[in-house]
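Novice: Below are the chains, spelled out letter by letter.
Number of protein chains: 2
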Amino acid sequence: MSKHKNPAPTVDVLIELRDRPGELVFIERAHDPIGLALPGGFIDEGEWAADAAVREMKEETGLDVELVELFHVYSDPARDQRRHTMSVVFIGRATGTPVGGDDAARAIVCNPDALPQPLVFDHALIVADYLAYKRRGVRPPPRR
Amino acid sequence: MSKHKNPAPTVDVLIELRDRPGELVFIERAHDPIGLALPGGFIDEGEWAADAAVREMKEETGLDVELVELFHVYSDPARDQRRHTMSVVFIGRATGTPVGGDDAARAIVCNPDALPQPLVFDHALIVADYLAYKRRGVRPPPRR
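Which chain is which? The protein sequence lines are U and E, in order.
Just so you know, we're using our numbering here: the first sequence kicks off at 15 and counts up by one.
Just so you know, we're using our numbering here: the second sequence kicks off at 15 and counts up by one.
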């Protein structure tokens, strides 16, 4: 087995709300880096990526999210200045109003074209890729 | 940052050869678990997932693989009996004849419906998902 150090695998979810078409759920991060982000977190050893996504969405937004599809994987070594993380990003759907919890100081629902401030990490790229996919059916290139 | 233990991220590639349509590249693993597998390996810290995929393909098959698309992520905690690994699986294309190297005792090119022995790990599931995608355009479900 590898003795190498590896990037830490995480999950993030693009949550579409059934009664708020065209908008997504974002969180205000409670910890450094402070700022707006997609909800997400680390995958635990022994946990499926999809289960980590559902768990983190419940913790950070209070929502019971149904995962619709795997969207993409983002692994740029510079995407998180703290250490190398690799995010498995899902598209999910939920009903109701998100409420920030755990690492999220607050949850907001917003049209991704009208965010009140920039997103942290590479989440602006993820959202741009998502909009391109939704509008033109184009998936992101393999290296992301 | 998380102090949790995380699954170790890996890559595997479904390599289509330009002059052998309908076939894929497999390797005979040189190390435990011995058996047929898709070529792949661990992502190093500081390395993009896509770069790890291209590097591992070169090491294990000698091929210069062009990644076509991200296919899916496989994270079943039981998929590797040694420890929990999570594989980012790409579809790639190459020209030429693969030659086994590094962790691969031998490389073979084979129609995935006519493999001479079972695949190790969850690679039979990955190949079945790939065939369903190629034949019917259906992507695997999020939880894989």
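Calculated directly from the structure, the hints in this document are not laboratory data.
There's no promise every hint is true.
Which copy is meant is left open, because identical chains are indistinguishable; a pair holds if it fits in one copy or across any two.
[As the list claims (entries may be wrong)] Derived SDA-like pairs (lysine to any residue); straight-line CA-CA distance at most 20 Å:
no.: 1; residue 1: K19; residue 2: D33
no.: 2; residue 1: K72; residue 2: V113
no.: 3; residue 1: K19; residue 2: V123
no.: 4; residue 1: K19; residue 2: D65
no.: 5; residue 1: K72; residue 2: E30
no.: 6; residue 1: K19; residue 2: R96
no.: 7; residue 1: K72; residue 2: R157
no.: 8; residue 1: K19; residue 2: D127
no.: 9; residue 1: K19; residue 2: G151
no.: 10; residue 1: K72; residue 2: K148
no.: 11; residue 1: K19; residue 2: D116
no.: 12; residue 1: K19; residue 2: V134
no.: 13; residue 1: K148; residue 2: C124
no.: 14; residue 1: K19; residue 2: D117
no.: 15; residue 1: K19; residue 2: R69
no.: 16; residue 1: K19; residue 2: G60
no.: 17; residue 1: K148; residue 2: D46
no.: 18; residue 1: K19; residue 2: Y147
no.: 19; residue 1: K19; residue 2: I48
no.: 20; residue 1: K19; residue 2: R120
From a predicted model like this one, the values you see are computed outputs, not experimental measurements.
Novice: It remains to establish, for every hint, whether it holds in the given structure.
Specialist: Going down the list of hints, with the structure as the test:
no.: 1; hint: K19 to D33; verdict: neither (43 Å within a copy, 37 Å between copies)
no.: 2; hint: K72 to V113; verdict: within (9 Å within a copy, 47 Å between copies)
no.: 3; hint: K19 to V123; verdict: neither (37 Å within a copy, 32 Å between copies)
no.: 4; hint: K19 to D65; verdict: between (24 Å within a copy, 16 Å between copies)
no.: 5; hint: K72 to E30; verdict: within (14 Å within a copy, 40 Å between copies)
no.: 6; hint: K19 to R96; verdict: both (15 Å within a copy, 17 Å between copies)
no.: 7; hint: K72 to R157; verdict: between (29 Å within a copy, 17 Å between copies)
no.: 8; hint: K19 to D127; verdict: neither (37 Å within a copy, 36 Å between copies)
no.: 9; hint: K19 to G151; verdict: neither (36 Å within a copy, 36 Å between copies)
no.: 10; hint: K72 to K148; verdict: neither (24 Å within a copy, 35 Å between copies)
no.: 11; hint: K19 to D116; verdict: between (28 Å within a copy, 19 Å between copies)
no.: 12; hint: K19 to V134; verdict: neither (25 Å within a copy, 24 Å between copies)
no.: 13; hint: K148 to C124; verdict: within (16 Å within a copy, 36 Å between copies)
no.: 14; hint: K19 to D117; verdict: between (26 Å within a copy, 18 Å between copies)
no.: 15; hint: K19 to R69; verdict: between (26 Å within a copy, 16 Å between copies)
no.: 16; hint: K19 to G60; verdict: both (18 Å within a copy, 9 Å between copies)
no.: 17; hint: K148 to D46; verdict: neither (31 Å within a copy, 43 Å between copies)
no.: 18; hint: K19 to Y147; verdict: neither (33 Å within a copy, 33 Å between copies)
no.: 19; hint: K19 to I48; verdict: neither (27 Å within a copy, 24 Å between copies)
no.: 20; hint: K19 to R120; verdict: neither (33 Å within a copy, 27 Å between copies)
When each numbered hint is compared with the structure, violations occur for hints 1, 3, 8, 9, 10, 12, 17, 18, 19, 20.
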